[in-house]
Amino acid sequence: GDSVTQMEGPVTLSEEAFLTINCTYTATGYPSLFWYVQYPGEGLQLLLKATKADDKGSNKGFEATYRKETTSFHLEKGSVQVSDSAVYFCALRNTGTASKLTFGTGTRLQVTL
Amino acid sequence: EAQVTQNPRYLITVTGKKLTVTCSQNMNHEYMSWYRQDPGLGLRQIYYSMNVEVTDKGDVPEGYKVSRKEKRNFPLILESPSPNQTSLYFCASSLGGPGNQPQHFGDGTRLSIL
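Protein sequences, first through last, are from chains A and B.
So that you can map any letter, position 82 of the first sequence is 82 in this note's numbering, and since no number is skipped, the others follow by simple counting.
So that you can map any letter, position 102 of the second sequence is 102 in this note's numbering, and since no number is skipped, the others follow by simple counting.
If you are wondering where the hints come from, they were derived from the structure by calculation, not from laboratory data.
Nothing false has been slipped in among the hints.
Computed cross-link-like contacts, DSBU-like style, restricted to lysine-lysine with a CA-CA straight-line distance of at most 30 angstroms:
no.	chain 1	residue 1	chain 2	residue 2
1	B	Lys57	A	Lys49
2	B	Lys17	B	Lys71
3	B	Lys57	A	Lys52
4	A	Lys77	A	Lys49
5	B	Lys69	B	Lys57
6	A	Lys49	B	Lys71
7	A	Lys68	A	Lys52
8	B	Lys18	B	Lys57
9	A	Lys60	A	Lys49
This one's a predicted model, so the numbers in the text were calculated from it and none came from an experiment.
Please model the complete structure; the sequences and the hints are all you need to start from.
What follows is the structure in structure tokens.
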């Protein structure tokens, strides 16, 4: 079945550091890929998405490129802020499963001054 | 304001005492879903509904029931809760299926079953 693997956290960075959170997936067909963010005490919010190979999703300074050859969708940001501290979830929706998203286990990011 | 509202936000209860977690959305969304979030497991789908009176099982439906009598409401029912249902629960909705449109999530309900 479909699955998403994320790097384990927590990831601790100083403000203005470069961020990479790795995400790889296993799926048949041509899934759409997503990054969701969960701030403390809140539900998840869509951060960005990509629907086909080589697409780049971007939002709020975050980027991720859909790499079909490596089945990856790594999240990057050039300069993190304390306000980026949250849990980040990678997810996919496969073409044959219109009814669900498959989530990774989440990666906690902590940014310090 | 567009939102998904869950109640209660926190609940501590005992094994076997029936409980209902309500979920309501004000965006006229067709699709609604329940997830549970557990450490090391991420979010797993419990049940979903594509529209009124249409519900189906997700990945972990055992021990749960849902209903969708109205478009805006999608309650999650635990008929006989057990300690392994202690978890953080999220309701979500979207205009179409979860990949076509962004999912809007509630703020979560933390259940503790003693």
